[in-house]
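If you use mature numbering (1 follows the signal peptide of the UniProt record, and there is no 0), the sequence shown corresponds to residues -20 to -1, 1 to 519, in order.
One should not assume that every hint holds.
[Claimed, not checked] Only pairs whose alpha carbons sit at most 16 Å apart, straight line, appear in this in silico EDC-like list of lysine to aspartate or glutamate:
id: 1; residue 1: Lys511; residue 2: Asp495
id: 2; residue 1: Lys199; residue 2: Glu444
id: 3; residue 1: Lys344; residue 2: Asp319
id: 4; residue 1: Lys52; residue 2: Glu39
id: 5; residue 1: Lys502; residue 2: Glu446
id: 6; residue 1: Lys472; residue 2: Glu490
id: 7; residue 1: Lys115; residue 2: Asp150
id: 8; residue 1: Lys366; residue 2: Glu351
id: 9; residue 1: Lys366; residue 2: Asp302
id: 10; residue 1: Lys303; residue 2: Glu209
id: 11; residue 1: Lys389; residue 2: Asp379
id: 12; residue 1: Lys511; residue 2: Glu498
id: 13; residue 1: Lys9; residue 2: Asp302
id: 14; residue 1: Lys195; residue 2: Glu444
id: 15; residue 1: Lys461; residue 2: Asp495
id: 16; residue 1: Lys139; residue 2: Glu177
id: 17; residue 1: Lys272; residue 2: Glu209
id: 18; residue 1: Lys389; residue 2: Asp337
id: 19; residue 1: Lys344; residue 2: Asp317
id: 20; residue 1: Lys320; residue 2: Asp337
id: 21; residue 1: Lys173; residue 2: Asp150
For the record, the hints were derived by calculation from the structure and aren't laboratory data.
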Amino acid sequence: MKRFSLSLALTLALGSLASAQTFSPDSVKNHVAYLASDALAGRGSGTRGNEAAAKYIAEQFKKAGLKPAGTKGYLQPFAFPAGVAQGSKNRLQVSGFGRYAAGQTFEPSPLSTTGEVSGALVFVGEGVEYSQDVKGKIAVAFSGGEGGVRKKAVVARDKGALGLIVASADDAALRFEEGDGTDAGLPIAIVRKSVIEAWKAKGGTLTATLQTEVKKQTKTSANILGLLEGSDPALKGEVLVIGAHMDHLGMGGTHSLAESKAPAIHHGADDNASGTAGVLELAAYFAKNPPKRSILFMCFSGEELGLLGSAHYVKNPTVPLDKTVAMVNMDMIGRLDQDKLIAVGSGTSPEWNPLLDRLNAESKFTLARSESGFGSSDQQSFYNAKIPVLFFFTGLHGDYHRPSDTADKINYAGEAKVLALVARAAQAIADAPTRPGFTQIAVVQEQPARFRVSLGSIPAYSYEGEGVQLDGVRPGSPAEKAGLQKGDIMIKFGERTIKNVQEYTLALGEHKPGDVVEIVVKRGEQTLTLKATLAASSR
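Model the full structure from these sequences, guided by the hints.
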């Protein structure tokens, strides 16, 4: 494909180049102040605060003159799994001890499946490694050991246990904990530690009947989409996506890094009211300065839950993906410090690095670059669809995923400067004579620090079936070399049956670099067994 002339594209854009003065820090501040206010309660996906944010964004798109580009006006609703709720059919009866009341002596675990089992109790220590035969029986484990209740459940299930009972860490009041909607495939109960100690002290063989009822919950959220039609009849059929996620953590939950786990508003001013404000500012700017190509402005929900909104869009685009020339993402652009800016995805098109060089010659950021299109934000969904991406980011800080990420800490003048660079990049891409080329980067995405090994798989977090569906594999990775493909569903990893991403994570953590692991996958109607040699994590 013919590459567009970068110099020409920039020359064409010179007449309307944005500067830091183009964007008003006060206007950015107004957007962030509302989106990160107590009234929106952290904008958790599926909450009223999130709906209020979506309504506000849609109103701003309408005010700017953008055309509705969702499936329901400006909105593109999507459903997502939203944890579990305790049902009413929960009981536990132990021989010689009688029946226990749910909510007083035991609670079903949110990892439990719904069902009823009866069998002998087998005490297995902490339930992580043991030799006792639990096949056809109910394993009883004490708290402690790595991996928590999920690891105990996976081990018990793989050993053939019918059910699992886990002792509470202490005898404090029991509470049905928050779950993520994934079950471990067997009934699980959390029982007061003192009760289990009494069972063990009695000795002999005890039998139990355990019934649990845990109901999966579903919620709805929405992406917000507004289309600005391009000015060139020959090019306006192609679109540049400019996006940011608008959701945050709501009142906290499992992704919160706050020291206290008590519910508290996680304001998400930088993450990502700042990026959302950036989309709104750029929409208003380009509405007055339309480029040749069309621009699809998008604010995603569900990002904090695993890029759910952007993954939904890529699977259900309202503009054909083959007409999408590039995606520019903004996530956490509100804490500019000493002019340090990060551009992720700089290697996903051969045009990006020269473009950034030219733009930054004027902006004079201390510009760090990451070539890969991967990273924990929504550009990854587009990169997986082989669309060139650029993701702008001012860096992590001590308020990340904490209630203290508030609007008063945003560097509004700094964000205005970032937006000027993003606007000029978008202008150059949208006005270029030909679309940018795509480059797949042959790197393995870094795993979290606790992992020693890497497979190089990309889970599809929106998948709700059993197993782990792949959204892709990283070029050059053990996954690619083993023959894993996008769309494969992993159902077994080594000796472990895997029902969901969390169990895959546990299984991966049990291995070391150089291990050869058999991976069983479903591919259409086929069930295949592949072998992968695990690589060392890059951390």
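Structure-based check of all given hints:
1. Restraint check for Lys511 and Asp495: satisfied, since their Cα atoms lie roughly 10 Å apart, inside the 16 Å limit.
2. Of the supplied pair hints, the one linking Lys199 and Glu444 holds, its CA atoms being roughly 13 Å apart against a limit of 16 Å.
3. Between Lys344 and Asp319, the direct Cα distance comes to roughly 8 Å. Compliance with the 16 Å bound is thereby established for this hinted pair.
4. Proposed proximity of Lys52 and Glu39 is supported: the alpha carbons are some 14 Å apart, at most 16 Å.
5. Note on Lys502 and Glu446: the hinted pairing holds, with a Cα-Cα distance of about 11 Å set against a maximum of 16 Å.
6. A threshold of 16 Å between alpha carbons decides the hint, and for Lys472 with Glu490 the separation of about 14 Å falls inside it, so the pair holds.
7. Using a Cα cut-off of 16 Å, the hinted pair Lys115 and Asp150 is violated, with the two alpha carbons roughly 28 Å apart.
8. Proximity of Lys366 to Glu351 is assessed by CA-CA distance (about 14 Å); at most 16 Å being required, the pair is judged to hold.
9. For the suggested pair Lys366 and Asp302, the alpha carbons sit about 10 Å apart, so the restraint of at most 16 Å is met.
10. Note on Lys303 and Glu209: the hinted pairing holds, with a Cα-Cα distance of about 13 Å set against a maximum of 16 Å.
11. The hinted pair formed by Lys389 and Asp379 meets the criterion: a straight-line CA distance of about 9 Å does not exceed 16 Å.
12. At roughly 5 Å between alpha-carbon atoms, Lys511 and Glu498 fall within 16 Å of each other, so this suggested pair holds.
13. A C-alpha spacing of about 36 Å is found between Lys9 and Asp302, which places the hinted pair above 16 Å, so the restraint is violated.
14. With a C-alpha separation of about 15 Å, the suggested pair Lys195 and Glu444 falls inside the 16 Å cut-off, and the hint holds.
15. For the hint linking Lys461 to Asp495, the alpha-carbon distance of about 14 Å falls within 16 Å, and the restraint holds.
16. Annotation: proposed proximity of Lys139 to Glu177 is violated, straight-line Cα distance about 23 Å (limit 16 Å).
17. Pair hint Lys272 plus Glu209 holds up; C-alpha atoms about 8 Å apart against a cutoff of 16 Å.
18. With a CA separation close to 29 Å, the supplied pair Lys389 and Asp337 exceeds the 16 Å bound.
19. Between Lys344 and Asp317, the direct Cα distance comes to roughly 13 Å. Compliance with the 16 Å bound is thereby established for this hinted pair.
20. For the hint pairing Lys320 with Asp337, the CA-to-CA distance comes to about 15 Å; that is within 16 Å, so the pair holds.
21. In summary, the hint linking Lys173 to Asp150 is supported, as the alpha carbons are separated by about 6 Å, within the 16 Å threshold.
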